[in-house]
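Chemist: Protein chains in written order, with my numbering: chain A, 429 to 787; chain B, 429 to 787; chain C, 429 to 787; chain D, 429 to 787.
Keep in mind that a hint or two might mislead.
Heads up, the list lumps identical chains together, so a pair's fine if it works in one copy or across two of them.
To be verified - Below are the DMTMM-like pairs computed for lysine to aspartate or glutamate, each with C-alpha atoms no more than 25 angstroms apart in a straight line:
1. Lys753 / Glu499
2. Lys570 / Asp473
3. Lys698 / Asp742
4. Lys570 / Asp467
5. Lys570 / Glu499
6. Lys515 / Glu499
7. Lys753 / Asp699
8. Lys698 / Asp485
9. Lys515 / Asp485
10. Lys698 / Asp591
11. Lys698 / Glu737
12. Lys784 / Glu574
13. Lys753 / Glu737
14. Lys515 / Glu488
15. Lys698 / Asp527
Since the hints were made in silico from the structure, they are not lab data.
Protein chains: 4
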Amino acid sequence: MSSCFGTLYKVSTFGESHCAGVGAIVDGVPSRMALTAADIQTQLDRRRPGQNKLGTDRNEADQVQILSGVENGLTLGSPIGLLVANKDQRPGDYSEMNDIPRPSHADYTYRAKYGIHASSGGGRSSARETIGRVAAGAIAEKFLLEVYGIEIVAWVSAVGTVDSAEVDSSILTRAQVDSFDVRCPHGASAQQMSDEILAARQAKDSVGGVISCVCRNVPAGWGEPAFDRLEARLAMAMLSLPASKGFEIGSGFDGARMRGSVHNDPFVLKDGRLGTSSNRSGGVQGGISNGEPLCFRVAFKPPATIGQEQQTVDYQGNPVTLSAKGRHDPCVVPRAIPIVETMTALVLADLALIQKMRS
Amino acid sequence: MSSCFGTLYKVSTFGESHCAGVGAIVDGVPSRMALTAADIQTQLDRRRPGQNKLGTDRNEADQVQILSGVENGLTLGSPIGLLVANKDQRPGDYSEMNDIPRPSHADYTYRAKYGIHASSGGGRSSARETIGRVAAGAIAEKFLLEVYGIEIVAWVSAVGTVDSAEVDSSILTRAQVDSFDVRCPHGASAQQMSDEILAARQAKDSVGGVISCVCRNVPAGWGEPAFDRLEARLAMAMLSLPASKGFEIGSGFDGARMRGSVHNDPFVLKDGRLGTSSNRSGGVQGGISNGEPLCFRVAFKPPATIGQEQQTVDYQGNPVTLSAKGRHDPCVVPRAIPIVETMTALVLADLALIQKMRS
Amino acid sequence: MSSCFGTLYKVSTFGESHCAGVGAIVDGVPSRMALTAADIQTQLDRRRPGQNKLGTDRNEADQVQILSGVENGLTLGSPIGLLVANKDQRPGDYSEMNDIPRPSHADYTYRAKYGIHASSGGGRSSARETIGRVAAGAIAEKFLLEVYGIEIVAWVSAVGTVDSAEVDSSILTRAQVDSFDVRCPHGASAQQMSDEILAARQAKDSVGGVISCVCRNVPAGWGEPAFDRLEARLAMAMLSLPASKGFEIGSGFDGARMRGSVHNDPFVLKDGRLGTSSNRSGGVQGGISNGEPLCFRVAFKPPATIGQEQQTVDYQGNPVTLSAKGRHDPCVVPRAIPIVETMTALVLADLALIQKMRS
Amino acid sequence: MSSCFGTLYKVSTFGESHCAGVGAIVDGVPSRMALTAADIQTQLDRRRPGQNKLGTDRNEADQVQILSGVENGLTLGSPIGLLVANKDQRPGDYSEMNDIPRPSHADYTYRAKYGIHASSGGGRSSARETIGRVAAGAIAEKFLLEVYGIEIVAWVSAVGTVDSAEVDSSILTRAQVDSFDVRCPHGASAQQMSDEILAARQAKDSVGGVISCVCRNVPAGWGEPAFDRLEARLAMAMLSLPASKGFEIGSGFDGARMRGSVHNDPFVLKDGRLGTSSNRSGGVQGGISNGEPLCFRVAFKPPATIGQEQQTVDYQGNPVTLSAKGRHDPCVVPRAIPIVETMTALVLADLALIQKMRS
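The following block holds chain A by itself, in its conformation from the complex (with noise of 0.2 angstroms):
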């Protein structure tokens, strides 16, 4: 419940904004398995601020430190202590968030539900707390990688009215997508991205966008029925992400508007195993994985902070106008792209060892 997830490989994370620091426990991870900081700091680097001109100017190392479960470079089967110190906090920028909740920000929602909020508004909808979340995901992925051979690549598919060309996520790599800031691997798109982000930048404004993920190599047969259907695991985990706001898995909103004998895909013969010609379905079939691989696409609002003026009201109904301090992102997805691999493989890895209880 709220800061755990999963049933065999289960997480639990902590920390906000602005305390000493943030991390998880990592519950299930097999023993025996090879693992380093090194690992993990890898997604970790792709997630963390200060990146380049397109993110926030908050400038964080966010090292690593395996506190247990690790022992001479391999796993033990026990709980995987992550921690990641706060360094750059300067709680401070924040003291006018105590008078005035921010427009479509958490600060009011968190003070409705806890009677108090962090320093930061809501310090637990903060960015920050998804660092536990990739730093177990990231093993997660090496899992998933080193058993099942599963390859996790999430890119930039649309920054506001922007939308990428066509992009082959057959041969998809992270190398590629990280050739360009904005992590969008098709050069003409991410250029018009950028200048869309650097132009809401400009405006003291923000603006939304929206990632695209596809996991190559997944078995047939995992995801439950009922409740936890894979693309429902899914979709809870996407929209567990600060921001998101929409999850589609295949043909998604568009598959509503077909009808069956174009959406369905044939059976064919793949490789001596059966597979489909098309993957409208996008590598769910009644909640559990066929086999193709899985493609879903994941809606991002515009960050709520701006430098803008708002006319908005304080808690106590004053009309009042509000130009946000503080460092922010003008647009997340460019860093939002491991978060969403990572949750993905802890979804996936999860469902892998339920999985096993079958073999």
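Given the coordinates of chain A, work out where chains B, C and D should sit on it, guided by the hints.
Modeler: Okay, now just chains B, C and D, sitting in the frame of chain A:
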């Protein structure tokens, strides 16, 4: 896991298409609540097959029996057992599926997962599995209405390429929704949608659609930060429904195209409390309800089982032409209305109970 | 929580003494296992009331019906619904309990908890609640026996002040246990115990007892460190049974009196694997099974409901003399034998599935 | 599962004997509660090694750091991260255990389970694992005391064959318990127990013991029927402690020898509410607290690691003589006092929050 849902308002379901019955156990229903089978039957009647010419010919009375947890018309606080007998079973209709996996259906994935499948194909992926949820959720609806005044109303907002005209969700009632068979409350749109469904049926085809849902009077403060955000739980609930392919809350995928200055919902004073003048957030901020109506949409693909000939292969990979038999809906969205509502109620009832620990 | 048990082999139960029926949903049973109602009925028959003169006069056939999850005699992997109708209901017997809480019974605490209680007093604390567990556990027993060869045998090792003579648990069978009504396999001891129960009955009184249990052929490696140790799960399972007051494994409370040099179980070579020459550990070390037989004991208090006059007070605090009516066992341990066995099976089946994720 | 405990007051722990640190995440602590590290440190100090000559020579300061969830001395409602660094690590002491499984220790079972074990043998079965629990439970104690006035006091009631003289648990304080190193509040008994421990130590041996515990002011109505009875949760919590072998509540195993007419606790009027004149129930009836003090006892075996020579075999089955090195307690019960108390607090805090959903 799998057939259990919820932390405190906890539902377990059982049953597939062609066994003795389907049902649920509901644990966590507050004691001393008035409850009869009739309170549950209303939503089951809205969901049952054979209501009109838009749906399947399968005709089930789907009468619910309360097995336990209620005495003299009052809940005891103990688990409520619910049973609906399966009556109109014709497993013989499906004998062909033993050899040929239906395209985009769960036949293949169930076999991959379990090494066996029910006589009706992916039996547990059958729409009948949702009966237990609807029954359990109908009790949750009663609880939410009586204690908090919460009203949950879903309606069909698209069938195939037909989008509904604008509907005022602030005053919409279930009676208005039910005044048209297709369950779109806008008469002209409803007519077009019905035509679309009948055309698909005529063509031995099927068609997808979209359901919109509003929840009014949800108090501020529900939903848990991090993994169990209100929208994450809703997304999981909706993507756990058969044939669903997408979920969006508030501005959803459209919001990804906006700037923050346009997207943000300014706070205003409403009846002595803080509210927002627009609702692109869809009633949640930072994963927690803000007191505005919850608004979300769910995309459903066209049903996979169609009478039209499809080119596919059998389990051995031999090319075959398949014309599915059996009785199926050409479009799921009209009958999915009560399912969406009751699943929503399951999510909200659970979060309501969780929030009580903070009071 | 409450009426759910297990992580992967997951059971939800429902039903109290005087409703339509009692039962369970079992989720997590492996697919393709042969299963019929008769497999389950055996243990229900051993637990049902009215077997002999040592128990209650209440007479219930307690025939189980499999509602779902099995087709053509094979499990499908989907949840198995189980239902046992309540037939011999006489709630009128308990009308007095509406005013007077029975001493050491759950009447008072249920009212404190729920503000209401069932017509039979603490309805859900009734022994009939265990029917769902026994049915669910009988399936677990079959799984454990077929896949691992695990044999679970419980027997009555004490009734009141009568302790059983030594029993060789390494070869004990259920048939031997059942050869005496009191379910103590040692004839002379069994006779004394029966006399003790009949004497208590004659005096309109009740008497406590102890059940011992052995599980043979449990593989080494089952049980989870920290909170879900094998003995922790067993202790929880046993203390969740009506009337149980104590649990000990291996040396138990006697072990607390020993020195380590006496208590430790030296390792020896047994059939090519490591075993121990003594078994004061009771089959677990550090919370994990070691391959030796699991051995534990459970203490049950005398039933609270007795015909003798008791001086107590009613809900208003007025002194009253109470002579309980209704039909009750003077001693629970003979009929609790299959309950202990099947609850043990629920614990082991769950840990077996969890351990599979490590293979 | 495994390293997580609780439904609403939820604890995850990490850490073994020889890693960087041990700790916990506590999720579910109510917001706006005053909390500092000092509140937690008191119980850690009572549990830390090296307090006196009765325990191990291992000397750890065990200073706790609050990583998150608290700001300006108040809880935020977000997860509280807790870290205690491991300082006095000497894994070299244990090199012998790589070849020889210590009798009655977890070396062998961990290897069977995980195929690997930590340098200290069953690292996660180490007493250091309990630090996270104690820290998490110390917060629970504060919550229970402040909101409900609940007092939890444990004491050593037996060491080896020395039983304590009668103690009046209705007024017992922790200060009285701590006035003797052995933590038995009865002076003469304490002296005998200390002698027993020192004699065992002198003989390079170890000795077992029993801890009794009382919880005063627990409201009536806590605990969930069926699987999560209050005593079931307590039994699980206690049997999850290293070296524990038995649990009994109220009359316990003695109760099994009694008749109902003797065992039943008659109701009486106490300060305007119903209470009982005796307390053989131990504060629970039907799995639910009745407002009387909770009273239970936990049996601990003698520590497995002893300096005396033991005849055993190595992993290959070769006979060896083992004299364990390393620094170990000759008796665990004095230092286990705060562990029993805080684990009890974890159980009660969780049930308190669950019961709030019924208010």
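Chemist: Give me the numbers of the hints this structure contradicts, sorted from smallest to largest.
Modeler: Hints 7, 8, 10 are the ones this structure does not satisfy, whereas the remaining hints hold.
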